[in-house]
Amino acid sequence: MRRIFTLHGGAAAALSAAALVLAALTWLPGTLPLFEPAWPMVAVFCLALPLFLAALARQFATGADRSAQWQAFRCLPGRVKAGLGFLLASSAVIIVLGFVAAGDQRLQDAEAREGRYVAHDTSVPTDRAVELTREEYLALLPSSRRMMYVIPGLLSATAAALVLAAGELRRADDASAVR
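Its first residue numbered 7, the sequence shown is counted upward by one per residue in the working numbering.
These are calculated hints, taken from the structure and not from any lab test.
If you're wondering where the values come from, they're calculated on a predicted model, not measured in any experiment.
Hints may contain errors.
[To be verified] Each pair of labels, with its calculated beta carbon distance range:
1. Val48 - Asp179: 29 to 39 Å
2. Pro56 - His126: 23 to 33 Å
3. Thr12 - Pro131: 47 to 57 Å
4. Arg85 - Ala181: 21 to 31 Å
5. Gly91 - Arg119: 32 to 42 Å
6. Glu120 - Leu31: 25 to 35 Å
We put the CB at the ideal spot given by N, CA and C, even for glycine.
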């Protein structure tokens with residue numbers, strides 16, 4: 007496999023792991039100074055989106071069908087497949103746990119707007135914006151941030167799997183062209 011595919015897949019996997027760690031840290035009790043500003047969330051998302059789009063472009067450039075892509079993924083080393091599987095499974099678990107924990111919660115998506123703290127009330131059919139106190143906002147903030155970290159983590163893990171499979175396909179194509 008060419009080095010650029012390995013670097014792209016490794017960067018996507020590392021970003022996925024970092025995003026999932028940040029999502030898991032939201033379950034720690036108390037407030038962490040890292041979660042009050044939105045810059046980590048923006049940084050993770052702004053890095054994950056181009057990595058994912060580039061991985062899709064690389065995968066489409068191979069021109070392979072799904073069965074060939076799956077075979078290429080299966081040709082990856084066992085540790086790589088296990089790591090990617092762990093990242094994808096961790097993303098799914100955090101998403102499911104986030105939805106289960108928020109199932110009984112009527113307030114979602116806490117944000118600070120014009121010096122006020124606002125959340126969306128899912129139990130009200132009209133005007134869902136509800137003003138919160140700072141304490142309510144800080145209590146609701148981790149669950150709001152959790153999904154915003156795990157979605158780029160899932161995108162990055164998928165990007166890593168796609169680009170490594172594309173690299174394996176490219177390696178196989180190069181090997182067959184030499185023969």
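Hints, verified against the model:
1. Val48 - Asp179: 29 to 39 Å: About 38 Å separates the Cβ atoms of Val48 and Asp179, which means 29 to 39 Å holds.
2. Pro56 - His126: 23 to 33 Å: holds (29 Å)
3. Thr12 - Pro131: 47 to 57 Å: holds (52 Å)
4. Arg85 - Ala181: 21 to 31 Å: Holds: the Cβ-Cβ distance is about 22 Å, inside 21 to 31 Å.
5. Gly91 - Arg119: 32 to 42 Å: holds (40 Å)
6. Glu120 - Leu31: 25 to 35 Å: holds (28 Å)
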